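Here the sequence shown stands for residues -22 to -1, 1 to 497, where the numbers follow mature numbering (1 follows the signal peptide of the UniProt record, and there is no 0).
Just so you know, these hints were derived from the structure itself, not from any lab. Hints are supplied without guarantee of correctness; some may be wrong.
To be verified - Derived pair list, reagent style DSBU-like, types lysine-lysine, alpha-carbon separation capped at 30 Å:
(1) LYS341 with LYS318
(2) LYS116 with LYS225
(3) LYS114 with LYS17
(4) LYS298 with LYS72
(5) LYS72 with LYS492
(6) LYS335 with LYS299
(7) LYS186 with LYS224
(8) LYS298 with LYS116
(9) LYS116 with LYS210
(10) LYS24 with LYS168
(11) LYS179 with LYS224
(12) LYS168 with LYS114
(13) LYS24 with LYS210
(14) LYS420 with LYS446
(15) LYS24 with LYS179
(16) LYS114 with LYS186
(17) LYS116 with LYS168
(18) LYS179 with LYS116
(19) LYS298 with LYS234
(20) LYS210 with LYS446
(21) LYS298 with LYS335
(22) LYS179 with LYS299
(23) LYS179 with LYS115
(24) LYS298 with LYS318
(25) LYS224 with LYS420
(26) LYS224 with LYS72
Said to hold, decoys possible - Pair by pair, the computed Cβ-Cβ distance ranges are:
(27) ALA402 with GLU222: 20 to 28 Å
(28) THR359 with TRP292: 27 to 35 Å
(29) THR16 with ASP295: 53 to 61 Å
Here the structure is a predicted model, which is why all the values come from computation and not from measurement. We treat Cβ as the ideally placed atom computed from N, Cα and C, and that holds for glycine.
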Amino acid sequence: MKKIYVIICLLGLTLSALLNQACNSDLLDTVNPNKLTTKEFWRTEKDAQLGVNACYAIFYRLGSWHRYLHWRFDLLSDEGYSMSPMVQTGEWTKFIYSDYNHDNNQTVIWREAYRGIFRANQVLTYVPGIEIADAKKKDAYLGQAYFHRAYNYFHLAVLWEEVPLVTELQNPGDQPQQVTLSEIWGQVEKDLLEASNLLPKEWTGAEKGRITKGAAKALLARAYMQQHLWEKAKEQLYWLVEGEGKKYYGLVDNYKHNFSHLTENNIESVFEIQFSDALNGGESDDKGATNGHQRSIIFGLSGIGFRDGLARPWLVDEYKKERTIDGKLDPRLRVSLLYKGVATDFPDEETGKFYGKTWDEGKWGNDVYYRKYSRDDFRTTEDRHSQLNFRVIRYADVLLMYAECLNELGNTEDAYTYVNMVRARAQMRPLQEAYPEIGNDKQKFLSRLQTERVLELNGECVRWFDIKRWELYNTPEGLAALIARDPDYKNFVVGVSHRQPLPSNEVANNPNMKQLDGY
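Required output: the full structure, derived from the provided sequences and hints.
Here it is as structure tokens:
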């Protein structure tokens, strides 16, 4: 009995010790060597650099420039349309929204935008507290984060308009407040002004391709122009066109060099996404994800690509309305579009230019395909991951935006200069000679500028911004013209379709949100 008692006592003491050990809070603070917590991470300059790099990583996700932003901006405009076998995916480019939570063109873009905002907010919250010896490097980290936050809100503004504004780190269960479009634009303005003050004018070496002061100013000008704040937009563009930043930018001699993997980050690049074919992993997982994009495959010719997105034939017709100085077709046509007659229109077109194949009447017929960012000049077959950098903002766009601002401010005479710079590269006559009837008429100049932007920038994901800025759908005549170019606009509801519905799951889960009017 005594032995049993002793054993029980010993067991009791052992259990007591174990319980005391289990209740020791210090043991709960053990660092997981496989995954750093926020508390453990934001300590060094390397952490700041990695945090900024995580913002850039958003570009490589499905809901960003890996796939669906190309789809959304080009195919939503009157330039393109979808032939996707995925019914709802195709419907979203036709202003038909049967499922507000549809992933491919809706929630995936929404999710990546807010993921990008969260990552930028982390940098802006923690990096100020990190000791970094070089103050300029610290400024650059913060400037890039301000740009990324503004850039994601820019996309939210042009697609949904009234969305939650989140500028601080959130906790689980937080329900951010939905705000007006003007408040979103206000945040974009604030962030890009900060970014332009902090970012370097240029990057060199291995850092080339990162966001610069000029990129921040150009994006801010885009934001101002969407609000018709022409004087403010002109002020930002002046730095790139006539001011200190002019020495960093220009037009490359060959238009094609804006869409080649051999001439990336050139003098015409204001902001471009850095892609490569170094890694062809998963499509949406950061760890091991691809470093390329899928534009060339989803917009690719039937039998080579998916044929999910095509260009409208009116683009080809528009190019053919005017000849170059020496009587030839606009050289931008052969770079921008693939169509049945391209080899006839350009006799020096190399044999087998279309991924090693001549034009296949049975497969391609009278289809028109986007050629920009395809790889038909150096591949015989297509695959899913393209290494071609995507130029989000080119200097040619900056020049045309500057011309638009000058015209809106009543300085049409000077606006000609910057349109002519873009036309001259394509061997087109000065605008005054080609269209003398325009004169200094503001509306006639704008009408021609709208065409000039299409000829220069089609397939570069800016046309939807233009359509919204010019509100082409807000008059019966304007909407009829859109329908004539793109029959999908028959489904466009004035006052509603200029923005897409909010994801209904977001609205249902957040009492501080309400669905947009008309949906």
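We went through each hint and held it up to the structure:
1. Restraint check for LYS341 and LYS318: the C-alpha separation of about 11 Å stays at or below 30 Å, so the hint holds.
2. For the hint linking LYS116 to LYS225, the alpha-carbon distance of about 25 Å falls within 30 Å, and the restraint holds.
3. Between LYS114 and LYS17 the alpha-carbon distance is near 25 Å, which keeps this suggested pair within the 30 Å criterion.
4. Restraint check for LYS298 and LYS72: satisfied, since their Cα atoms lie roughly 27 Å apart, inside the 30 Å limit.
5. Between LYS72 and LYS492 the alpha-carbon distance is near 24 Å, which keeps this suggested pair within the 30 Å criterion.
6. For the given pair, LYS335 sits about 29 Å from LYS299 by alpha-carbon distance, which is consistent with the 30 Å threshold.
7. Simply put, LYS186 and LYS224 have alpha-carbon atoms about 18 Å apart, close enough for the 30 Å limit, and the pair holds.
8. About 51 Å separates the Cα atoms of LYS298 and LYS116, which puts this hinted pair outside 30 Å; it is violated.
9. Taking the CA atoms of LYS116 and LYS210, the gap is near 28 Å; set against the 30 Å cutoff, the hint holds.
10. At most 30 Å may separate the alpha-carbon atoms for a hinted pair to count; LYS24 and LYS168 meet this at roughly 27 Å.
11. At roughly 11 Å between alpha-carbon atoms, LYS179 and LYS224 fall within 30 Å of each other, so this suggested pair holds.
12. With a CA separation close to 20 Å, the supplied pair LYS168 and LYS114 stays within the 30 Å bound.
13. For the hint pairing LYS24 with LYS210, the CA-to-CA distance comes to about 37 Å; that exceeds 30 Å, so the pair is violated.
14. Our distance criterion of 30 Å between C-alpha atoms is met by LYS420 and LYS446, whose separation comes to about 19 Å.
15. For the proposed pair LYS24 and LYS179, the alpha carbon gap of about 22 Å is at most 30 Å, so the pair holds.
16. At roughly 16 Å between alpha-carbon atoms, LYS114 and LYS186 fall within 30 Å of each other, so this suggested pair holds.
17. About 19 Å separates the Cα atoms of LYS116 and LYS168, which keeps this hinted pair within 30 Å; it holds.
18. A hinted pair counts as satisfied when its Cα atoms are at most 30 Å apart, and LYS179 with LYS116 qualifies at roughly 15 Å.
19. For a cut-off of 30 Å, the pair hint linking LYS298 to LYS234 stands: about 18 Å separates their Cα positions.
20. A threshold of 30 Å between alpha carbons decides the hint, and for LYS210 with LYS446 the separation of about 19 Å falls inside it, so the pair holds.
21. In summary, the hint linking LYS298 to LYS335 is supported, as the alpha carbons are separated by about 25 Å, within the 30 Å threshold.
22. This hinted pair does not check out: LYS179 and LYS299 have alpha carbons roughly 40 Å apart, beyond 30 Å.
23. Between LYS179 and LYS115 the alpha-carbon distance is near 13 Å, which keeps this suggested pair within the 30 Å criterion.
24. With a C-alpha separation of about 14 Å, the suggested pairing of LYS298 with LYS318 holds against the 30 Å cut-off.
25. Under the criterion of a C-alpha separation no larger than 30 Å, the hint pairing LYS224 with LYS420 is consistent with the structure, at around 26 Å.
26. At roughly 40 Å between alpha-carbon atoms, LYS224 and LYS72 are farther apart than 30 Å, so this suggested pair is violated.
27. For the pair ALA402 and GLU222, the beta carbons lie near 24 Å from each other, so the given range of 20 to 28 Å is met.
28. With their beta carbons about 30 Å apart, THR359 and TRP292 fall inside the hinted range of 27 to 35 Å.
29. Roughly 56 Å separates the CB atoms of THR16 and ASP295, a value that falls within the hinted 53 to 61 Å.
The structure is inconsistent with the numbered hints 8, 13, 22 and 26, although it conforms to all the rest.
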